[in-house]
Amino acid sequence: MRTLYTLVAAACLLAAPLASTAQCGQGTANVTGQRGGPGTGGAFKVTGTQLANEVEGAYALSNGRRLALLHLDQAIYADFERWQRVRLEEVGTHRVASREGDIQMTWVPGQRTDSILLSYPGNGRGELKRSC
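Numbering (mature numbering (1 follows the signal peptide of the UniProt record, and there is no 0)) for the sequence shown: -22 to -1, 1 to 110.
The hints are simulated quantities; they were obtained by calculation from the structure and are not laboratory data.
Predicted model only: the values in this text are computed from it and were never measured.
It cannot be assumed that every hint is accurate.
Claimed, not checked - Pair ranges (Cβ atoms, derived):
1. Gln52 x Glu78: 27 to 33 Å
2. Gly102 x Gln52: 34 to 40 Å
3. Ser40 x Arg73: 32 to 38 Å
4. Gly5 x Arg90: 29 to 35 Å
5. Arg90 x Gln52: 17 to 23 Å
6. Thr27 x Asn101: 19 to 25 Å
Think of the CB as a built atom: it goes at the ideal place given N, C-alpha and C, for glycine as much as any other residue.
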């Protein structure tokens, strides 16, 4: 009988991470977004505060969601719907990412409109869902 309790306890310990993964596991949303208004042309590379100024604005994402990029306190923040604000840090030319690396964005300046390529952990409805 004691062996049975030990086996049940071991099975529960092994199953716990799987249950957690099933509950917390999300897909990754890979979307594009466009901002209304004229583009910047893309003939130059911008970094730092200038990049934050250039990307700031509201973007309509290809999955139907909206994203606001804000320039606050000399940093870029991605403001997802429902007040989920995430700080993004510059990681390369026209590229920013969250500190955890789960949210990544590339800014693509264009002649007619500026676009972004965005990757973030999302649920089936395209909402931001950070890991557990």
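Each hint tested on the structure:
1. For Gln52 and Glu78, the hinted distance range of 27 to 33 Å is not satisfied, since their beta carbons lie about 21 Å from each other.
2. Checked against the given bound of 34 to 40 Å, the beta carbons of Gly102 and Gln52, roughly 36 Å apart, stay inside it.
3. Ser40 and Arg73 have their C-beta atoms about 19 Å apart, which leaves the hinted 32 to 38 Å range violated.
4. Between Gly5 and Arg90 the beta carbons are some 31 Å apart, a value that agrees with the proposed interval 29 to 35 Å.
5. Distance hint for Arg90 and Gln52: a CB-CB separation of about 29 Å, inconsistent with the stated range 17 to 23 Å.
6. For Thr27 and Asn101, the Cβ-Cβ distance of about 34 Å falls outside the hinted range of 19 to 25 Å, so the restraint is violated.
Consistency note: the structure conflicts with the earlier hints numbered 1, 3, 5, 6.
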